[in-house]
Amino acid sequence: DGGITQSPKYLFRKEGQNVTLSCEQNLNHDAMYWYRQDPGQGLRLIYYSQIVNDFQKGDIAEGYSVSREKKESFPLTVTSAQKNPTAFYLCASSPMGQKNTEAFFGQGTRLTVV
Amino acid sequence: AQSVAQPEDQVNVAEGNPLTVKCTYSVSGNPYLFWYVQYPNRGLQFLLKYITGDNLVKGSYGFEAEFNKSQTSFHLKKPSALVSDSALYFCAVRDRDTGGFKTIFGAGTRLFVKA
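If you read the protein sequences in the order shown, they are chains A and B.
Taking our numbering, I'd label the letters of the first sequence as residues 14 to 127.
Taking our numbering, I'd label the letters of the second sequence as residues 134 to 248.
Don't read these hints as lab results, they were simulated from the structure.
Don't take each hint at face value.
[Claimed, not checked] A few chain B residues that don't get close to chain A, going by computed Cβ distances all over 10 Å:
1) Ala147
2) Glu199
3) Lys202
4) Ser213
5) Val216
[What the hints assert, rightly or not] In silico contact screen, one side only, chain A against chain B (beta carbon under 7 Å); selected entries:
6) Gln54
7) Gln63
8) Glu115
9) Phe118
10) Gly119
11) Gln120
All C-beta atoms in this analysis are idealised placements derived from N, C-alpha and C, irrespective of residue type, glycine included.
Using the sequences and the accompanying hints, generate a full structural model.
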């Protein structure tokens, strides 16, 4: 089945630790995105990538880092610099060159700082 | 700059009644507009989109939305609500002319359909 896989589904982090959230897609999409979801604030864009080895900051990139070494993979690292990382994180992808195409979402990772 | 406003945090409707979830947008160019639905602890699922042409767009599960350029709105509608429609609904906009592939989402509207 084609789709986007995020792992793990639940993640617990101690304060001061870095953690990496995985996002893999087999849809052959060029563009991939990371969003953060907090109650009442909708989805806020963290980073996005339109091509391998290139990515751009979104609206709330501070405290996060990404890499795009392969077309299929777009991992997100939540660093210790992110002061309030507890949230639901969503990865998405869409075809490049088709700006009117909807995004496809993974099932999300819920990160909790303990 | 792109922005999306969903003025209602929550919409309550009785099963069988029509429902409307409101969305207004702002883009510097022309918009592509999308509606997504989210069930608890899940990702977003695409419902429908406006690209061009007919202002009334039909989508999945009996939902439709009307694009109104003069009011910069894209309200989601369904003639007869089902209890299973209860979920969180997001409106999103992508600027057709600028901004690359950046998509901006609204804050979401929670829909409750009572039996």
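Worksheet item: Any CB of chain B closer than 7 Å to the CB of A:Gln54?
Response: holds, 6 Å
Discussion item. Verify this label for me: B:Glu199 is non-interface relative to chain A, using a Cβ-Cβ cutoff of 10 Å.
Written reply: holds, 18 Å
Worksheet item: Was B:Ser213 rightly flagged as not at the interface, with every chain A Cβ beyond 10 Å?
Response: The claim holds: B:Ser213 sits with its nearest Cβ about 25 Å from chain A, beyond 10 Å.
Fill in: A:Gly119 as chain B interface residue, shortest Cβ-Cβ below 7 Å
Interface hint status for A:Gly119: holds (5 Å vs cutoff 7 Å).
Item to complete: Let me know if the C-beta of A:Gln120 comes in closer than 7 Å to any C-beta of chain B, holds or violated.
Response: holds, 5 Å
Worksheet item: Is the hint on A:Phe118 kept, meaning its closest Cβ partner in chain B is under 7 Å away?
Response: holds, 4 Å
Fill in: Verdict on B:Lys202 as a residue remote from chain A, using beta-carbon distances over 10 Å
B:Lys202 clear of chain A: closest Cβ-Cβ about 16 Å, beyond 10 Å.
Fill in: Non-interface claim for B:Ala147, where every Cβ of chain A lies beyond 10 Å
Holds: least Cβ distance 25 Å, greater than 10 Å.
Worksheet item: Hey, does the A:Glu115 contact hint survive, CB to chain B under 7 Å?
Response: holds, 4 Å
Practice prompt. Hold the hint about A:Gln63 up to the distance rule: shortest CB distance to chain B must be less than 7 Å.
Written response: holds, 6 Å
Worksheet item: Is it the case that B:Val216 keeps its Cβ farther than 10 Å from each residue Cβ in chain A?
Response: Given a closest Cβ separation of 23 Å, the condition holds.
Taken one by one, the earlier hints all hold for this structure without exception.
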